[in-house]
Amino acid sequence: MPLFEIFDPKAKPRPIGIDLGTTNSLVAYVKQGRPTVVTDCNSGALVPSVVFFGEQGTLVGELARRQAPEHPRETIVSVKRFMGRGADDAETRRLGPYEFAGPDEAPNRRVVSFKVHQRTVTPVEVSAEILKQLRDNARDEIGSVGPAVITVPAYFDDAQREATKYAGKLAGLEVLRLLNEPTAAALAYGLDQKQNGTFLVFDLGGGTFDVTVLKLEDGVFQVKSTGGDSALGGDDMDRALAEKILSDAHIERASPELVRRALDAARAVKHALTDVAVAGWELGDAKGEITREQFDVLVKPTVDRTIGPVRRALRDAGVDAQELDGVILVGGATRTPIVRQTVERVLGKEPLADIDPDQVVALGAAVQADLLAGEQLAEAGEDVLLLDVVPLSLGIETMGGIADKIIPRNTTIPTGARATFTTYADNQTGFEIHVVQGERELASDCRSLARFTLRGIPPMPAGMARLEVTFKVDADGLLRVHAIETTTGKEQSVDVQPTYGLTEDEMEQMLLDALDHGEEDLLKRRLAEGRVEAERVILATEKGLRDGKALLETGEEPQIRAAIDALHAATRNADPDAIRVATEALDKVTGPFAERRMNDAIARAIAGRNVEDVDHEVAAAKGVDAHVEEHEQRRRGGPEEKGSS
Amino acid sequence: MDPFETLALPRRFGLDLKLAEARHLELSKTLHPDRYVGAPPNERRLALSRAVEVNEAWRALRDPIKRAEAILRLSGLEAEVGETREPKPSGAFLMEVMEAREALEEAKASRDAARVEGVVREARAQLGDAERALARAIDPVLDQGGGAAELRAAIPLLGRLRYAARLLEEARNAEDDLM
Chain A
1 MPLFEIFDPK AKPRPIGIDL GTTNSLVAYV KQGRPTVVTD CNSGALVPSV VFFGEQGTLV
61 GELARRQAPE HPRETIVSVK RFMGRGADDA ETRRLGPYEF AGPDEAPNRR VVSFKVHQRT
121 VTPVEVSAEI LKQLRDNARD EIGSVGPAVI TVPAYFDDAQ REATKYAGKL AGLEVLRLLN
181 EPTAAALAYG LDQKQNGTFL VFDLGGGTFD VTVLKLEDGV FQVKSTGGDS ALGGDDMDRA
241 LAEKILSDAH IERASPELVR RALDAARAVK HALTDVAVAG WELGDAKGEI TREQFDVLVK
301 PTVDRTIGPV RRALRDAGVD AQELDGVILV GGATRTPIVR QTVERVLGKE PLADIDPDQV
361 VALGAAVQAD LLAGEQLAEA GEDVLLLDVV PLSLGIETMG GIADKIIPRN TTIPTGARAT
421 FTTYADNQTG FEIHVVQGER ELASDCRSLA RFTLRGIPPM PAGMARLEVT FKVDADGLLR
481 VHAIETTTGK EQSVDVQPTY GLTEDEMEQM LLDALDHGEE DLLKRRLAEG RVEAERVILA
541 TEKGLRDGKA LLETGEEPQI RAAIDALHAA TRNADPDAIR VATEALDKVT GPFAERRMND
601 AIARAIAGRN VEDVDHEVAA AKGVDAHVEE HEQRRRGGPE EKGSS
Chain B
1001 MDPFETLALP RRFGLDLKLA EARHLELSKT LHPDRYVGAP PNERRLALSR AVEVNEAWRA
1061 LRDPIKRAEA ILRLSGLEAE VGETREPKPS GAFLMEVMEA REALEEAKAS RDAARVEGVV
1121 REARAQLGDA ERALARAIDP VLDQGGGAAE LRAAIPLLGR LRYAARLLEE ARNAEDDLM
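Protein chains in written order, with my numbering: chain A, 1 to 645; chain B, 1001 to 1179.
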């Protein structure tokens, strides 16, 4: 179906929040000031993140899952685990019964691709199918779907984030923001309870584990630290249990079909053991039972892997477990009693689970989408702001293969940083820049994000050239890298193209393929998007003219008004390029005015702290030693910590 | 970029971090990209670059090493600041560091959590000493309108701060490994 239907002019588009999960996905929106999940008539709120590629067509969700026992290779489950992964990634191969495309068969060799029938599909395309289904479910309930916030595990790296954003684009969604899942959960809780304090979010999903420490203060959600493991989740419990079931059933070489059935049996046992002490299973002719004690022993290694990241997140935040005001559980796997017991034992606090742990992330995403789009909650005066962080350090490989960290983990985003390098050989005319992500000291132990070369540097003795590399991370947590050789001014800018990601061209091609009439539909879509953007800019500019009247210079207003009129005129034609040109012209003419308004807003924000400046004088009177002492304690997380180990 | 100017704070090493944090928050509320989602592109770009500056400034000021570096750099000592350019700390101090490091290695080898804890305390004490020494070397000079010539004496103290910070980090990593 044509994608531009999302711009149906009759119904007012509503922003949506999407939890694109490993096992299940959900979509939610804000209805009369409250976040609500979308349910469909068959399967309730949860859409299994399963896609079946059949000869007759594609199925998503429950219908796809039913195909899994018969068609394990054509039914892709837990696709999230493959997002942003390379074809040669060792992790990839052990993740299921799939047939992967060989290097000559896939159009894109770097990205892992599944072979389904005669075609190959990438994880981005599989995820896009799930997103389309969610979008359609939302449209059935609310009429018209507006922009979307999609959640990602906080611990997702750059490649995984890029892949998710592409999937949204491919599904025809305007992706307002990628939001970290634990932050979304906190948003759902925070708005619900209007509490101030420090919280830890423990998010154990199907395939990923995230832990986030954040502080809520007067509507500002400030993430202090985040950590986790992007390959740890409830699926690992299922696998451990499935292995036990296969071994109890005396099956030594299991076919993909049998593995899938054993995994289904394991999942059923896991769910049953949440409420009862013994659960039975059947696999073909074999049957048996498993007690909760046996289960606990089997999954303990998985559950224990969460403890290290929890401790490190607390330490990075400079917070002691006793100082936490609450622990929030997210993800279906946190229903398992042993997980709850472990959390309580490690943090000494009974966790909160008032909101359904399967729904809380989608609800929070809906809240954020609504706030960002300036809808109901924002109009009701909810003054909420999220300050999130980069989950993993970003750096560059330097001589000797060392990863030089340019932006350390847990830096508040958006952010930027600069570093200068030089040549190590005489007459070196190029720099190879290798961008890596991770905490390890050696670049080869970190995740490789991108490689690019800055060429054309004139021959100079070693150490003479000056290479300035700038990193910028936007509010989605996505990285842009810019490099310039300052003695010659030779420069190069790259959107970090993940080593395992898709290029802009490949993306465009996928988008064309997804549309029924290719080029023609793409033109319609660009036109619709251009008009929406033009309307938005005109409205915002007019508001700016009203609010910032005092900051206008003589003769400025008529110029701006003329540019607005020209843009209005352009939107009446069917030429997306003309709309873009007129939008850019308006942008240019309002530039100085925008800058004056921004400076005015900054001056007002600084003046707003004058009351606290009184506190500041008092504090200053304490003297340097007291400050240093106070700072020391804040940095190290306070004196209490000394007693803990 | 002058991080003190970005957050409208007096240029001092002994900075009021509570005020700095409050100002960072206040400016973030004004400039965060989330506040400009529906805004025209030029406002979005401007807000983004200012928000980046504000976050960079707060990151530079909250960390005592970066804060000292910023002050010395802004006072015209750019060419003398930086790990490879600074003079090595005194022999007596290096001895202290080496002893602490040996103690750490031994504690790690014997997996002795209490001893690692001891090194953490020791590193913290060294860090506190170095910070206090830097404050005494920098702030009176700035208060009296002094410049590069008088501030040069602070550079070796910055080196001590770096050593202490590294020791603390290693000790805390060892603590992690023992958990």
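Hints in this document: simulated from the structure, not taken from any laboratory. Where hints are given, some of them may not hold.
[To be verified] Restricting the straight-line Cα-Cα distance to at most 20 Å, the calculated cross-link-like pairs of lysine-lysine (PhoX-like) are: (1) A:Lys-405 / B:Lys-1066; (2) B:Lys-1066 / A:Lys-215; (3) B:Lys-1088 / A:Lys-472; (4) B:Lys-1029 / A:Lys-215; (5) A:Lys-287 / A:Lys-244.
Please read all numbers here as calculations on a predicted model, not as lab measurements.
Comparing the hints with the structure gives:
1. A:Lys-405 / B:Lys-1066: holds, 15 Å
2. B:Lys-1066 / A:Lys-215: violated, 24 Å
3. B:Lys-1088 / A:Lys-472: Roughly 33 Å separates the two Cα atoms, so the pair is violated.
4. B:Lys-1029 / A:Lys-215: Given that 20 Å is the threshold and the Cα spacing comes to 15 Å, the pair holds.
5. A:Lys-287 / A:Lys-244: Answer holds: Lys-287 of chain A to Lys-244 of chain A is near 12 Å, not above 20 Å.
Hint violations for this structure: numbers 2, 3, all remaining hints satisfied.
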